[in-house]
Structure formats: C-alpha cells, structure tokens
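Asks: One-letter residues, chain by chain:
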Amino acid sequence: MNGFPWLSLLIFAPWAGALLLALAPRLGAGASRVLALAFSASTLALGLGALRGFDRSRPGFQLVERHAWIAALNIHYHLGLDGMSLLLVLLTAIVSPLALLASWRDPRAPRFYGILFLLLQGSVLGVFLSLDFFPWFLFWELSLVPVYFLIRLWGGAGATRAAYQFVIYTIGGSAFLLLGFAAIFVATGTLDFEELARLAVDGTLASRLALLGGVWPKVVFAGIFLGLAVKVPLYPFHTWQPAAYAEAPVGVSMYLTAVLAKMGLYGFFRLLWPFFPGPLHAAAGFLLWLALAGAVLGAYAALRQTDLKRMLAYSSLNHVSYCLLALFAVARGSAAFDQVSAAAALSGALLQIFNHGLSAAALFFCVGVLESRADGRRGLDDFGGVRTAAPVFAGLCGIALFSSLGLPGLNGFVGEFLIFRGVFGIVPWAAAVGCLGLLATALFLLTFWQRVFHGPRAGAAAGPFADLGPRELATLIPLVALMFAFGLLPQLLAGLVNPLVSRWTGGLALP
Amino acid sequence: MSLLPWTIYLSLAGALLCLVAGARSAAAARWIALATAAAGWGLTLTAACHFVPLAHLQNVADAAWIPRLGIRYHLAVDGISLTLLVLTGLAATAAVLFSWDIGERTGEFFAFFLTLIAGVYGVFLSADLFLFFVFYEIAIVPKYFLIAIWGSTNREYGAMKLALYSFAGSALVLAGLLWAYVDGGGPGFGLNELAAAAAHFSRPEQIGMFGLVFLGFAVLAGLFPFHTWAPGGHVAAPTGASMLLAGVVMKLGAYGCLRLALPLFPAGFDFWQPAIAWLAITGIIYAGFVALVQKDFKFVIGYSSVSHMGFILLGLAAANARSVAGAVLQMFSHGVIAGLLFAVVGRMVYARTHTRNLDELRALGLYQLMPFAATVFVLAGLASMGMPGFSGFPAELSILIGTWQTSPLWALLAAVGILVAAAFTLRVIQVAFFGPARPASAGPAPALAPITVAEVAGSFLLLGASVVVGLKPDLFLNWILPSLQSPLLRAVVKGGSP
Chain U
1 MNGFPWLSLL
11 IFAPWAGALL
21 LALAPRLGAG
31 ASRVLALAFS
41 ASTLALGLGA
51 LRGFDRSRPG
61 FQLVERHAWI
71 AALNIHYHLG
81 LDGMSLLLVL
91 LTAIVSPLAL
101 LASWRDPRAP
111 RFYGILFLLL
121 QGSVLGVFLS
131 LDFFPWFLFW
141 ELSLVPVYFL
151 IRLWGGAGAT
161 RAAYQFVIYT
171 IGGSAFLLLG
181 FAAIFVATGT
191 LDFEELARLA
201 VDGTLASRLA
211 LLGGVWPKVV
221 FAGIFLGLAV
231 KVPLYPFHTW
241 QPAAYAEAPV
251 GVSMYLTAVL
261 AKMGLYGFFR
271 LLWPFFPGPL
281 HAAAGFLLWL
291 ALAGAVLGAY
301 AALRQTDLKR
311 MLAYSSLNHV
321 SYCLLALFAV
331 ARGSAAFDQV
341 SAAAALSGAL
351 LQIFNHGLSA
361 AALFFCVGVL
371 ESRADGRRGL
381 DDFGGVRTAA
391 PVFAGLCGIA
401 LFSSLGLPGL
411 NGFVGEFLIF
421 RGVFGIVPWA
431 AAVGCLGLLA
441 TALFLLTFWQ
451 RVFHGPRAGA
461 AAGPFADLGP
471 RELATLIPLV
481 ALMFAFGLLP
491 QLLAGLVNPL
501 VSRWTGGLAL
511 P
Chain Z
1 MSLLPWTIYL
11 SLAGALLCLV
21 AGARSAAAAR
31 WIALATAAAG
41 WGLTLTAACH
51 FVPLAHLQNV
61 ADAAWIPRLG
71 IRYHLAVDGI
81 SLTLLVLTGL
91 AATAAVLFSW
101 DIGERTGEFF
111 AFFLTLIAGV
121 YGVFLSADLF
131 LFFVFYEIAI
141 VPKYFLIAIW
151 GSTNREYGAM
161 KLALYSFAGS
171 ALVLAGLLWA
181 YVDGGGPGFG
191 LNELAAAAAH
201 FSRPEQIGMF
211 GLVFLGFAVL
221 AGLFPFHTWA
231 PGGHVAAPTG
241 ASMLLAGVVM
251 KLGAYGCLRL
261 ALPLFPAGFD
271 FWQPAIAWLA
281 ITGIIYAGFV
291 ALVQKDFKFV
301 IGYSSVSHMG
311 FILLGLAAAN
321 ARSVAGAVLQ
331 MFSHGVIAGL
341 LFAVVGRMVY
351 ARTHTRNLDE
361 LRALGLYQLM
371 PFAATVFVLA
381 GLASMGMPGF
391 SGFPAELSIL
401 IGTWQTSPLW
411 ALLAAVGILV
421 AAAFTLRVIQ
431 VAFFGPARPA
441 SAGPAPALAP
451 ITVAEVAGSF
461 LLLGASVVVG
471 LKPDLFLNWI
481 LPSLQSPLLR
491 AVVKGGSP
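Chains as they are written, first to last, in the numbering used here: chain U, 1 to 511; chain Z, 1 to 498.
What the hints contain is simulated information worked out from the structure, not anything from laboratory work.
This structure is a prediction, so every number in the text was calculated from the model and none was measured.
No residue lacks a Cβ here, since even glycine has one placed at the ideal position from N, Cα and C.
Rough simulated footprint, nothing fancy, chain U against chain Z, three-plus residues with beta-carbon under 8 Å: (1) 384-392; (2) 416-422; (3) 427-436; (4) 475-483.
Across the chosen pairs, the derived CB separations fall in these ranges: (5) PRO487(Z) with VAL215(U): 37 to 43 Å; (6) ASP106(U) with ALA363(Z): 22 to 28 Å; (7) LEU20(U) with ALA351(Z): 29 to 35 Å; (8) ALA24(U) with SER25(Z): 36 to 42 Å; (9) VAL467(Z) with PRO391(U): 52 to 58 Å; (10) ALA447(Z) with ARG304(U): 48 to 54 Å; (11) ALA447(Z) with HIS67(U): 48 to 54 Å; (12) PRO450(Z) with GLY28(U): 22 to 28 Å.
From just these sequences and the hints, can you work out the full model?
Replies: Next comes the structure, spelled out in structure tokens:
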C-alpha cells in the first residue's frame, strides 16, 4: 500500500521551499523569486511523475499512503489519488508557477511573498490529496492563512476589509463543517473518507445519523454544505468574492479563481455527494435554483461591472455555478434516469473545473497586464484600441476570452457542452434557464473585447503602450497553448476521469 | 514517579533562595528562578516518560499528617493531573523568561512567583482534600501580591477584586467540603473516603454540596457570570503573572471541578448539568463578543481567556469521555497559548510602546517595527482560534464530538463560539499589528528596543509545545482517556471505553 510517497512529496515540496526561504533572511529579491518558482514548478514534475504511475483504467484510489496518526480519534495520515484529484493536482501544478510569474515584478518583499505562496500551494495540494478528515481539514484551514496575508499585504486600497471578509466567511463555513464531521464521528467512529463513502453506499451512515432524531441529521448535512458552499462560492454565499478577487494582487487573483474556488467544488464531489446522497437528492430541487441563480445572475452582474476584475469575479461565479448545476441535476435524477446524460453532466463538470482554471487564470493575468500599463486603473472605460498598440497581447487575450466564452475548438467548450447535454437529458428546464447565463456571458466578454481592444486608441492606450514582454509571454503562452491542446484533444483530460465517472453513474443505477 | 513531590519542594526552596539572593543581585534571582522552573518542568517530563497510564490515581507520597481528623499528606497522580503538571512546568519556565525585565524587587517577585508555582503543583498532586485546599490557598495568596506590587493599570483595584473573588470561591468550596465531611461522619479528607461517604447522601444534599463546591471552583475558572474578576485582573497583572493566571491558575478552578465536584457528588452534577452547560455557552459567546469591541489590547486577550475557559467548562459539563478528554487537552492548550498571547501583549508590545490602546497601536504599523512579535502573535492567534496543526484544534474537535454526543444543540452553539473567536482574534491581529504602513511624513519610526534572547526562547518554547501537541495529541490523550475510567469518574463520565 505504501509505495514511493509521490503524494507526500507533492504536498511537502512547496513547504520545503517555504522553509528554505524562511531560513535565508539575507537572500536577495531575484534569488528569492527564482527559488520560489523552482519549488513551485517542482510540483509539476512530481505531478507528471504521479501521472506516469497512475493507472488510467482504474477508478479507485492509487498511490495510496496510509499511516496511523492519532489513535484516540481513529485518525490516519491517508492520501490517495483518483482521476478527479489528479486533474486538480495537475491544474494546481500548472497554474501555481504561472501565478508566481505573474506577480514577478512586485517589488514588495518578494521573499515573504514566496513563502506565503508556497505554503498556500502545499496546503491546496494537501486538500486535493487527503482522504481523512483530519489532514484534509488541516490543509483546508491552513490555506486560509497565506491567502489572508497575500490579499492584506499585497492587495489594493480596500484589501483590509476584503481579506477580513473572505476569512470570516470561510471560517464561519468551516466551523459548521467541523461540527458536521464531529457528528459524523459520533455516529460512525471514523473520519476516513473512503470508509465513510462505503458506509454511505450501504445506507449505514444515513441510518446512524437518523438515530439523532429531529432536525439534527439535516443540521449535519447543512453544516457541511455551508462550509463548502461558501468556499466555491454558491449563490447567495458569494458576497465575499468580488471584493476579494478585485483587491488581491494579480497572481493571487489568478490563484483564487483557478485553484482555491476548486477546493469547494472538489469538496462537493468528494464529500457531500458521496456521504449524503439521500439529503442531496432531497435538497437538489432547491439547490438547482441556487446554481442557476449563480449562473444567470452572476453573468448579468458581470455585465453591469465597469471594473474589469470585478467583471471577471462575477464571471467566475457564473462558470463554477455550471459545475454545481451538473452535480445537482444528477443528484436530483431518479433511479431510472438516463445514465448517458448523467455521465455527460459529470464529466462535463470535472472538465469545466479544470478548464475554467486555465481560462480564468489567463483572463485575470490579462487584466493584470492592463493594470500594469495604466497605473493601476482597470476600468472598462480606461482603455480603447489596445489591439493596434499591442497586437500580440490582444491576440492572446482574445483567445482566452473566447475560451471562457466556450468557443468550440478551445478548452472551455467541451465542459460546458457536456454539462448542458447532460443537464438537458435530466432536468430540461434547468438547462433552458441556464442558457440565459450563456447569453449574458457572451455579451459581457464581447463587451470586454470590444471596449478594450477595438476602436480608436484611448485612455491608457492613447500614449505609448508596450506589448507583452518575455516574462509576460512566458506566463500567457503556456495557458493559451493548453487551451488549444485540451480544446482539440479533450480526451486527454476525459481519459483520466472516465473510469471514475462510469463508476459514479454505475453506482447511481443502484436503488 | 516518586520524583514528582520534589516539584513542590524544589519550587519552595527556589523561592527562598530567590528571596535571599535577590537582595544582593537581581541577575542571580532571575537565574535561580529560571533554573528552578526548568528543573521542575524537567521533573514532570521525566515522570511523564516513566508514566504508565492506569485508571486509578497512582500514589507518589502518602503519610499521616493530622490523624485525629483523618487528614493525610497524600499525593497521587493520574493522566489528568500529569498533563497539568507538565503544563505547569512549561508555563512557569516560559513565564520566567518573559519576566526577565523585572527590575524592581526582583528577588521578591520571583519568590512570590515560585511559591505560587509550588502551590499549583501541590493542587494538581493532592489526593487529600484538606491538603488540596492548603495548596490552593498557597497558590492564591502570592497572586494578590504579584499584582498589587508589580502590576500596572488599576492594580490595587484589580488585585483586590481578584483576591476577593478567589477567597469567596474558596470559602464556598470549603463550606461544601466541610458539609460533606461532617455529614459523612468524618471519614477523613481522602478523595476516596469522602466519595464513599458521599455515596450515601440524599439527592438534595448532593445538589447542595455540588452547588457550593462547583460554584467555588467555577469562579476561579471564569464561568460566566462570575468571570468579571478575570479580565481586569489580567490587565492589572505584570506579564509573568498574567501568564500564570491565565495559564495555570484558572486551570486550578477547572481541575477542581473535574477532580472534586464531579466525582464526589454525581447526583448533584446530574441536577446542575444543564445550568452549567448553558452558562458555559453563554460565556463562550458573550465573552467573544465583548472581546470583539475592546479598545485595550490586553482586555481582548483577557476576554478571550474567559471565552476559551467556557469551552473547557462546556466539555466538563457534557460529561462524556471525549468531551472531558478534550477539556483537559484544552486546559493544556489554553495554558500555553494564552500565556504566549499575554507575553506578546505585555512584554513585547506594551513594555516597548507603553500603550495598549488599539487605536494608537494601529497607527504605529507594528508589523514593520516588530516583525518577530507580529509573527509570534499571528501564530499564537491562529492557535487560539483553533487552527488545525496547533493544540487548540484537537481539543476543540474532541470537545465538539463529546458535546454533540450529549446534546447536539450545545455543540451547535459551541461552533458559533468558534466563529466568534475567529472574528475577534483576526480583528485584533489586524488592528494591533497590521495598521496602515507608517507614512514617511510622520517622521522617523520610534526606536523600539530589540527583542531579547529570553523572549525568543520563551516564544519558541510555547509555540513548539502547541505544535507538537497539535500534531500528536495522542501524547496526552493516551494518558487522559484511561484516567476517565477510574472508579470515581466512571460514574459521571459516560462512554469511556473506546
């Protein structure tokens, strides 16, 4: 069971980098940045190593590490990798070095920035790889600390409030999540995710929780739901999001949307759905409306924004809501529903998780580029005709915009198409309402494109406006290249999750 | 194991030495105090290495003392007391390090300090209630002098209020115990004898006795609404004394509840249980909200202590193995972390900036002036709000699990308390250290004395302990859980066997 510890290495390599940086107070700015980047990128090598050792035909957990940890609470250090976590590990490994690169020029305390960033990266990877509540929650909570300081110390004018709001919302959610798991421990005596999933399949978990009587089984479900929903965020728990995304420095905004929001989605797929199939089925009718509200209202809210970062924040709300739309639709479906649709919706959601990470990171970076050339301004009206001033930038940003919009041939299309294909087969009306969101998405992204890049040169682009430098190209080109790669060959990603999805849908057919 | 009584004797001897040597040289007194505290801690750790977790109390010293009344000099230890003994050694050592700057009457300061420590060790070791009470008073009296002589803000008021509350509390305890002693026919003051006699009391008698004893101890543990002495006392006290006060003295109250009140009067506990739980919950949330709006840095930490003690009392009130084990673990954890928070506020910040007003601190942008203090406070603050990886988390998790078993509603409210704790801790971190960066126009930054070696050592000691226990809570849980199976506790603490 305990082979070469690929997964522990993945988690602790960034932390080792953070420790090294912390122990070298005299390190210069340049050396600090290079060291941080090297350790951050090392996870890509380790992730690819794990990919090589990963058997794509098996749905279960692989490369498992399991050691006794806290006997008094039956807790183990338990890590494992399946298709879904592999997808997220790869996403984190790709986006992290690029996000570091994006804030490369920031002159403020690069060593400390590197420490916090590497701590964050290790914690996020820990969340995606842990299979026991104790380590999972440890990484889940620890990830908050670096984010708080990254927003607070490197963010914009409103950063103090944004960072506080972000942390309080998330901790508020986690307190109830913790309560939920305390109750689960009381009911089952274990906090191991695999074990709990097994207990849920045969109905033991539900029947033991039912012994609590009264509203308490519902409170357990609601507590865990709340902790995850705040993190995603699901409408109406999203109010922390626009401020946090807008105030954070560019690299952190990229990371927040590309990776951190995915922690919540991952939790929905890894914890809430497998442990609470019954309650989720019961609540799905209502939750579908919340997901739809996020998708549609998020898109319309984005349409009304003049701050480009806030526009993208609402656009993120819209895109992640589709993933939950797919999950809730599948959870709502009855036993007799169409398995092909369910498989489509679920694979679509997983692909969307990955692809939204790429395109949202690219778009936030592009806004960062605009900001860096306009003395920190980033209004929709602060630019005009950038295309003539910086054609390369315009081209790459355009590709990212169209990827986000879901143009066929680019990565964003596959996930959204599969989600809508699947949801339409299960809950047709929800797919129809969701289309309103697609429409608005197209509108605001094209508005972005038109106002900033077309027309006569105006605003910050009226004077000299440099095209992308080598560092900026190095950040954006990999993302754009991957957009094409996964847009044209979606099976590269789908192949990783197919066995998992067929097991999920196979499990659904059971009564 | 037989080394453990020496913690008491050593501390008393150290106190005497400090008094003598301190008259000539302050430095000598400091080093003697440090050596004594560290040696005491070393003794507890040595004993811990050889400790075999058993259900019952293991004797470490037993001799007749006042035979006519059946009073014995009886010291014994189990997993619960050992956890708290280790805490006492650690907290004392760290508190000496953070009292290194005491320049006025240094010898006397450390003499009182070590006497207090001796009393605390004695309380945690006593298996005879008369002896328990004697040590309890030995711990309380020096506290008054430490605050009244070396204190700061409103020290006479703070010291007097604290002393009055403490004495009122111990009077209640004494009354309850004497009632049980007399009613039981004077079987002696041994824990076991008294428990055997108490088993024959009627329910109303038990209700009355439990009420007196528990209330007396709960005053010292800071149970709402009897907590009002605590924040003011903490603020008035010099740093080292605040650390001991929050770190170990408040634990005496919680320990007394667990060691005496619960096992002696199970029927009484049965009656009072919901009231205690609701008061504890009220304390958690009320003190949390009060901490959220304080303007004085030290008051924030003072109220946060009351809020955290609420968790301990809730864990005791829920009275099942996990919640009580969590409560004992929380006693350790809070002892370490509250000590550290007071050290940063009192020793590192106040001693250098001469202000504890949060608005004034905010204007200083302290994290740039004192990066070390800021880092330590952030880490201690995270530990205090129950961040996983620090000792507070397994304790709170265990309390939540156990409390849920007894009453889901209490657990739900405790979760609200965790949220409030996060809010006030984060606020104070933000306001005290991360104010807006000092504008260049404000003139040169005030020159603050550099952080001393003693402060660095003390910080690492406490943070290290919190992380070690946070990652490996088994270290203590494996001692505590078997102790809850003892004949005395089994009757009140449910669900002991795993």
